[in-house]
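Student: Sequence:
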Amino acid sequence: MPCAAVAENQNDMLNEALSRYENLNYVNDLYAQPLKPAKRMAPVVAGNTQSTVATAQNNIYSFEQSSSNLDLWKKMRSRFSMSDNIAPDTVAQFERYYQNRPDYFGRIVLRGSPYLFHILNETEKRGMPGEIALLPMIESAFVTQAKSGAGASGIWQFMPKTGKAYGLKQNHWYDGRNDIYAATDAALDYLQQLYRMFGDWALALAAYNAGEGRVARAQRKAIEQGIEPIYENLDLPKETREYVPKLLAVRNLVRNPSSFDMTLKKIDNKAYFEVVHIDQPMDMEVIADLAEISIDELHRLNPGHRVPVWVPQPGRKLLLPKKSVATFKRNLSTAEPESLLSWKPIRVTENNVKLSTVAAQYGMSLSELKSINRLKADAVGKGTVLLVSNEREDDDNNQMDEIDWDEPVQIVAVKVASDGSKKAKKQTVRYGTIKIKKGMTLSRIAKRYGMTVAELKKLNGMKSNRVSIGKSLKVKASGSVSAKNAKNAKNAKNTKNVKGKAGKAVSKNNKSNKVSNKKGNKSGKAAAKSSKTANKTASKNTSKKKKK
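In this text, residue positions in the sequence shown follow the working numbering: the first is 1, and each later residue adds one.
Read the hints as simulated data drawn from the structure, not as lab findings. Since this is a predicted model, take the numbers as computed values, not measurements. Possibly wrong hints are sitting among the right ones.
[As the list claims (entries may be wrong)] Simulated restraints, written as ranges between beta carbons of each label pair:
(1) 383 / 331: 52 to 58 Å
(2) 83 / 368: 50 to 56 Å
(3) 385 / 299: 19 to 25 Å
(4) 266 / 433: 56 to 62 Å
[Unchecked claim] Capping the alpha-carbon separation at 20 Å, the derived lysine to aspartate or glutamate pairs in EDC-like fashion look like this:
(5) 317 / 122
(6) 161 / 189
(7) 317 / 297
(8) 354 / 368
(9) 317 / 285
(10) 329 / 274
Heads up, the beta-carbon is just placed ideally off N, CA and C, and yes, glycines get one too.
When you get a sec, could you build the whole thing from the sequences and use the hints?
Tutor: This is the structure in structure tokens:
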């Protein structure tokens, strides 16, 4: 039934709500004009019993007291400020749900224990209710890689568009929605923005779940019907109607676990992790080794990183256990620079690049290349950036393979017949450039790029084998085979295309000869001369078969 106040002031309330709605620069589509994230603003206190009583709570427990010996739960309880009068029956239903599953609830707490101090402190800095720190418990159960059927991801369950609107980058190598630090910042920015819209934390949380456009429309509908537009009265999806009660049920269990015959795992009121700044790409496994922690622990703190390399970017933060930071810095100070990175990025410059060709060129298996780059297809298109192995065989090769991440080496795949046949094709050799670094030699460079020293010198117009640090050299960017070699291979029934970084061309009729890399690559004349007898025999066999 409409309340008297609403009945008397329906038009005024409707106008006020619509004014607030229209001034937010959205109508039905959040992403038509993304809202600018709020930046740690003080909450706007609205005339509602559910509004944050941040000022009163801060008088009880201020942020400066966070170094106290209080355990985390006690501190969090002092920050609780949301109403107890929101859908009490539904709240009780979820209290029973968690109470009957103490092991499940305990696992959620255990998973969240490394992050809760940071999240709670961030909510406190912004003057937000302590309940907000528990939101990941109902969003994701603190599963860092949680992904919903709709595409939401991370402990805060950001949808892709919302994440991008709040600065969370997403690509094959990194997903900011899964980054604990970045996603927490974005989620709290978003929630503050929603609170400014609706002036009520229950409605802000409902909008976080269902979208602000949907909540605003539900409010407008309620006002038009003469119903007070509070959380309990809005026509919202079942999931959203249960969203805040579920959070309040978790809040109640944390506030007084003994009344539910439950015990919470003790969490110290101190930071579990610390931000560490490094200014160069580095293997994740190397970081873990230097910090003397497991790779699993490193991934738990940095789940946004989807490949085995930490790539520094503006604003991106590497998290390490606080107790391991000094160890990491000490070990890093004495580590050999060439031991820190064993991967590099390359950019594909043609369409339909076979991953098997790329894998062979960089000394990797196809399954490893696909796994590292989170790919399912067997070929990739032009412009694709891949992470490949440096193939470090010794310290000198380590230095040679170090390539700037901002300027990845380009590769071109060997073209194959469109009908899938194995007939040899005339192919064009494509080249890239590298810069000479300390420790490089022509022989090592030639070996690395599937060339002979003579080919490398001819390509670069060199007369001696000496190289100068800082000079650029042309190198072969992909395996290839000359037209003459292709003809010889066809005559000898050699249906194998060039494979691997050395460009081997092995005839079926000449397997025992094992034509060397030098003979099987660009030097077709040398290969033909060294296997003259075998080629003649193969030609005779071919003629006999044609006569038949």
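Student: Evaluate each hint against the coordinates.
Tutor: Hints, verified against the model:
Range check, residue 383 to residue 331: about 38 Å between beta-carbon atoms, so the 52 to 58 Å window is missed. At roughly 54 Å, the beta-carbon separation of residue 83 and residue 368 lies within the given 50 to 56 Å, and the hint holds. As the Cβ distance of residue 385 to residue 299 is approximately 22 Å, the hint placing it in 19 to 25 Å holds. Between residue 266 and residue 433 the Cβ separation comes to about 59 Å, which falls inside the hinted range of 56 to 62 Å.
Annotation: proposed proximity of residue 317 to residue 122 holds, straight-line Cα distance about 16 Å (limit 20 Å). For the hint linking residue 161 to residue 189, the alpha-carbon distance of about 15 Å falls within 20 Å, and the restraint holds. For the proposed pair residue 317 and residue 297, the alpha carbon gap of about 16 Å is at most 20 Å, so the pair holds. Of the pairs offered as hints, the one joining residue 354 and residue 368 holds, with about 14 Å between alpha carbons and a cut-off of 20 Å not exceeded.
A distance of roughly 17 Å separates the Cα atoms of residue 317 and residue 285; the hinted pair therefore holds under the 20 Å criterion. Using a Cα cut-off of 20 Å, the hinted pair residue 329 and residue 274 holds, with the two alpha carbons roughly 12 Å apart.
In this structure, the one hint that does not hold is number 1.
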